[in-house]
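Trainee: So you can see what is in the structure, the chains are spelled out below.
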Amino acid sequence: MFTGGSRGRALLLALSVLFAGCGQRPDSAGPITLVFKHAKILGPSDPVPALLREFERRHPGVRVQAESLSWNSDDQHQFFVINLEGRGAGFDVMMLDVIWVAEFARAGWLLDLTPWVPAEELAPHFPSTIEPATWNGRVWAMPWLMNVGVLYYRTDLLAKYRLHPPRTWEALVDQIVRIRTAERNPRLDGVVWQGRQYEGLTVNALEAIWANGARVFGTDGVVFPEEERAAGGLSLLRALIVSGVSPSWVTAADEELTRRHFGDGRAVFLRNWPYAMDLFQTANSPVRGRVGIAPLPGRVGGAATAASSGGAHLGVNRRTRHPELAAALVRFMAGGEAQKAMALGGALNPTRMALYHDRDVVRAHPDFPAVHDLMLRARPRPVTPAYLMLSSTLQPEFSAALVGVKSPRQAIEHARLRVGYLLQGLR
Amino acid sequence: MTGRERDDARAGRLMLAPALIALAVLAAWPGLWVLWLSLQRRIPVFGIERFVGPSHYAFLAVDPRFWNAVQVTLIFTFISVALEFLLGIGVALALQGQQRGRRTAVALLLLPWALPSVVTGRMFEWLYHPSAGLLNFLLGGQAINWLGEPMLALPALIVADVWRTMPFVALLCYARVLTIAPDIYEAARVDGAGAVATVRDITLPLLRRVLMIALLFRTLDALRAFDLMFVLTGGGPANATETLTVYAYRSLFQTLQLGFGAAIGVVVFALVMLVAWGYLRAMAHQEEAPA
Numbered sequence: 001m002f003t004g005g006s007r008g009r010a011l012l013l014a015l016s017v018l019f020a021g022c023g024q025r026p027d028s029a030g031p032i033t034l035v036f037k038h039a040k041i042l043g044p045s046d047p048v049p050a051l052l053r054e055f056e057r058r059h060p061g062v063r064v065q066a067e068s069l070s071w072n073s074d075d076q077h078q079f080f081v082i083n084l085e086g087r088g089a090g091f092d093v094m095m096l097d098v099i100w101v102a103e104f105a106r107a108g109w110l111l112d113l114t115p116w117v118p119a120e121e122l123a124p125h126f127p128s129t130i131e132p133a134t135w136n137g138r139v140w141a142m143p144w145l146m147n148v149g150v151l152y153y154r155t156d157l158l159a160k161y162r163l164h165p166p167r168t169w170e171a172l173v174d175q176i177v178r179i180r181t182a183e184r185n186p187r188l189d190g191v192v193w194q195g196r197q198y199e200g201l202t203v204n205a206l207e208a209i210w211a212n213g214a215r216v217f218g219t220d221g222v223v224f225p226e227e228e229r230a231a232g233g234l235s236l237l238r239a240l241i242v243s244g245v246s247p248s249w250v251t252a253a254d255e256e257l258t259r260r261h262f263g264d265g266r267a268v269f270l271r272n273w274p275y276a277m278d279l280f281q282t283a284n285s286p287v288r289g290r291v292g293i294a295p296l297p298g299r300v301g302g303a304a305t306a307a308s309s310g311g312a313h314l315g316v317n318r319r320t321r322h323p324e325l326a327a328a329l330v331r332f333m334a335g336g337e338a339q340k341a342m343a344l345g346g347a348l349n350p351t352r353m354a355l356y357h358d359r360d361v362v363r364a365h366p367d368f369p370a371v372h373d374l375m376l377r378a379r380p381r382p383v384t385p386a387y388l389m390l391s392s393t394l395q396p397e398f399s400a401a402l403v404g405v406k407s408p409r410q411a412i413e414h415a416r417l418r419v420g421y422l423l424q425g426l427r
Numbered sequence: 001m002t003g004r005e006r007d008d009a010r011a012g013r014l015m016l017a018p019a020l021i022a023l024a025v026l027a028a029w030p031g032l033w034v035l036w037l038s039l040q041r042r043i044p045v046f047g048i049e050r051f052v053g054p055s056h057y058a059f060l061a062v063d064p065r066f067w068n069a070v071q072v073t074l075i076f077t078f079i080s081v082a083l084e085f086l087l088g089i090g091v092a093l094a095l096q097g098q099q100r101g102r103r104t105a106v107a108l109l110l111l112p113w114a115l116p117s118v119v120t121g122r123m124f125e126w127l128y129h130p131s132a133g134l135l136n137f138l139l140g141g142q143a144i145n146w147l148g149e150p151m152l153a154l155p156a157l158i159v160a161d162v163w164r165t166m167p168f169v170a171l172l173c174y175a176r177v178l179t180i181a182p183d184i185y186e187a188a189r190v191d192g193a194g195a196v197a198t199v200r201d202i203t204l205p206l207l208r209r210v211l212m213i214a215l216l217f218r219t220l221d222a223l224r225a226f227d228l229m230f231v232l233t234g235g236g237p238a239n240a241t242e243t244l245t246v247y248a249y250r251s252l253f254q255t256l257q258l259g260f261g262a263a264i265g266v267v268v269f270a271l272v273m274l275v276a277w278g279y280l281r282a283m284a285h286q287e288e289a290p291a
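Top to bottom, those sequences are chains D and B. Position 359 of the first sequence, counted from 1, bears residue number 359 in the numbering used here, the numbering being contiguous throughout. Position 143 of the second sequence, counted from 1, bears residue number 143 in the numbering used here, the numbering being contiguous throughout.
Calculated directly from the structure, the hints in this document are not laboratory data. Because the structure is a prediction, the values reported are computed rather than measured. A virtual CB, placed ideally from N, CA and C, is assigned to each residue, including glycine.
Not everything, but these chain B residues come out facing chain D in the computed CB check (under 7 Å):
1) Val45
2) Phe46
3) Ser131
4) Asn145
5) Gly148
6) Pro150
7) Gly234
8) Pro237
9) Arg250
10) Gln254
Residues of chain B placed beyond 12 Å of chain D at every Cβ, according to the derived structure:
11) Leu108
12) Trp113
13) Leu134
14) Thr179
15) Arg189
16) Leu204
17) Val266
18) Trp277
If we strip away everything but chain B, and leave its shape as in the complex, we get (with noise of 0.2 Å):
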């Protein structure tokens, strides 16, 4: 290495300094705080302050309201990040073989992604409104319990995320589908493509990129989804709709258990990096291997 590279390895280094900063300040911090909390017996309004260890950890593996929170955030996430996908490919190539009016649906596209998630809910909350709601009404008046039958509601509360996040896939998908060159599909189309090669061999390929980072950002906040059951169920009936983070929530905040609850807070935290980790790496896969 000469001065001159030994010079510029420490100009970068203190170039990079205050993001490494705010990141420790903002990121590393609090998480290491609320690890450190979720080893302690902390119950504020009873004075109790105690370090007990893992101990906490281990009511939760044995805990069968948190191994219900569990299953209940994973099927909420694999069903409804999957249902994101499909129907968000499918508009975005919709929206590539329309001719008129593009504009309007892309804006009309955007506006569930882009209302508060707390007027979604209430928005939905009327939409299945037992005896007012306009879904049972289209039902021909029949009164189906959607969000107080344990079999319907989290299905239900899918549904509503659904309609909310799908745009943000579309609009993804679509920006990327709007940068294809034409010549592509010419050239294929010469070949004697049909419509369905065309799309199973050069738009969803060329789609792979995006669509995992859209997982990625999908998964992840699914993972944590909140406002939702928070709005609609109160994580019920019979916490058929309670999340890891409904659960961690309600310890936290609720009834201040702020020890238990932020250890609930490291498990979604560890779930979330899992996940994560496993994304990037199939994405670094994916950069090596020849497209």
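Same shape as in the complex, but just chain D (with noise of 0.2 Å):
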């Protein structure tokens, strides 16, 4: 690749030099085109290629070539490593995984985009979006696509009992209690949620963790420097399994299983992000007009609610021949019209907070104004360079204190001493 490259290089400038001799610049001889790589857009219809075309009209001599890369986030955080790794320039704009844009920009993959986009120009979007957007004090990235972590109810089965949304895990736990005596029905599961070890689990933990008041980082770098209140957000989430309030095979759940369950009507609660309320109002839905949507909860002397952002940024490679444009590109794509453009028609939702109360977007998406309170107070996860290492040392340590294998003050002495090792070592 790296060979291949070079050559490519020395290939070009030769035929550069040789058309240099008839008197031809190489630049002009077609028109400039950028490359876009993103994952593929969900929803009824994929309204990139009309933003690209529009984009394309507004540059002249511009064209715009998407490239759309597997769902699995793995996969493209791989695709991208290797590339940017290899100095590969094959793509100028990509999205980007909220959590790898610190570590991309760390890595001087990014290029910094400070000059182009002034502060005001990042204000429109949800807070928690702009933190991992601007890492170390320089924008790296603009926020494209939101997520939060959001609570799903059925509105029929609390209706029934008189009960309000939970505010806190206590309360959702007793309503549990209390609707499932009542119903007396084996087949209709509590809460589920994500505990399968991989990053919903870390999503899910960090949630708990700090609905009960702890936090990831201290002030001075310190790894969970509220100790016992983490342990305490972990003995929650094994305290709902131990109960039976949630079933025990969240332990090996993902974002698709427990949507598939709540959407069978087999649970009251669950715990998942936005994308899955148009899923559940489909014509065929055995929830349709069931399901209601609210704040994650807190807990008693902790938190009031601890969501989790999540969502898409959009950057450029540091590599690009076209940093101009490459940066237009991803200014337009984040702009206020792309944006609504996107809310329409894909299934995903915009990080401008305008956009929430804009008649056109919530007359097809009727629960955007409730979401949009619950995304202004989510939390992004941490910031740094090192979150992939971070996270992917949590996980087992998370879900064996899940499980069972270790207490949950074991799993969080544990998770302390290998985090800050390996942070140490990043020093």
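Each of the two chains sits in its own frame; use the hints to bring them together as a complex.
Mentor: Quick look at the structure:
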């Protein structure tokens, strides 16, 4: 790949010398092509191609070629890492999972967008998307798609027992016990969430830990400074399983597994991302019209609510040959007009706050004003270049606490030691 | 050595050269590169790149996650290969005794072996599905947590692996069984040997060489097991199914600790070479021993 690249460059040089001899500039040979690498956009229609044509119309002589990657986040990460570390310039603009931005910026793979993006251009986006975009005081990417952990609940079941969506996990457990005792339906589970050993577990465990009033990093860089409270967060999740409020198989569950279970009408509550709502409202859904959305519960004596944000940002390959145009494409795609088109056509949520009260968008997604309030309170996962190392070190510890191989306190203790050792080596 | 012989030897070396060069480029060079990488601390994200000698290996020696992965890999290899052989030989013998529909049986047997492993993984994901899975349904609507319970997850993966690769062993054995001359069995029958004695004293000894080769292939494959864990459990719960290759993948491609990941890769390589060497020696001994 490496030698191929330099040989290709040599060839290009030779050709351009040749053409220079003919009195021709290679740049004017044809239109400039920007390559945009992104994950497949899910939803009823893909609005990306139309947006790119619009960008081309505004920038004559520029062609944008969209190339989609697999939907699997691990595969995308691997693709980018191999190509960026191999100094490939095969693409100009890329869609990044929000947890990679700091990592790619630290590695020197992203173009610093600060010269093109003034601070006021970021302000209309949700606060929890700005923090990852501006690691180390520079702008590395622009927020594009937003995600937040939410609590889905069965409106019919809660109404039947005159209950309101629970504000704390303690209340949620009480409600489940009450509903299940009265319903006498052994096929109805309480709350389902994601406990399989993968990134989703990190998200769910962090939400429980935050809800209990603990942080991942203290101001001085200490890991889990509120050790007892962090362990208390994991204890809550373990208790949900032991008491049967959550089925034991949540320890192997991901988003889709839990979404289907709740969608079949087999659980009172579900923790998931907002994408599931559209699927619950389809014509043949067993729970159509009986699903509500609420903030994730907090804890008595802890935080009021603690939901993790997620989503995607757009960044520019530092080795792009057209930084000016690539930055323009990122700004265009993250702009209000493009995000509105994304919100109307795709099943994904925009990062611009105003769109959640836009008349056209709300007509297509009546739940958007409610989702807006949840997103406003979302917290980003720790913004650090070592995020993937951090998460993959925490996952086995969290998993061990959920299945009871380690006590929550032990799991936090081991997590502290391992993460501390890891980060020490990076300074 | 005559001049002619010398010429022959030179021509021989010349003809071997392309194969040797290909081996050197495709196997030896990347192997040496990985070994060299494993002696460095190399984390591109943080711009870290320095020689650290064998310190990754020293860390692995006391790393509980590594020893857990070694244990998982060895248990997985031993049990799945043993089961594949018991079932594979059984199936081959059953095919031998079958009168009708052998062709259909062989075709069906090939199916699991021919499926891409990710497809197999997805299929077992549905079989093991806690609330909608066929397995729990057949067990009378139980909600057994096949992939989320540390004691069950590894056995569940072993079953999937056995289903997938048992046909390989069965077909190899069956092919060998077909070449056993019928008169040997006839002679045995005339001598009054029963069915058990025939299998024990005739079929199995004749299968020995092909079994050794199948054993070599299967063991080396199982030691590098990756895809089923990756698709079904991600190495969890609590690392109960994290094999050495999954640990290496996480270090190399997910967290980009290239030197450290390479060190795990070297350990897998050494393990595989050791086992291969052991098998090849055992096979050589057999060749020498009178049949």
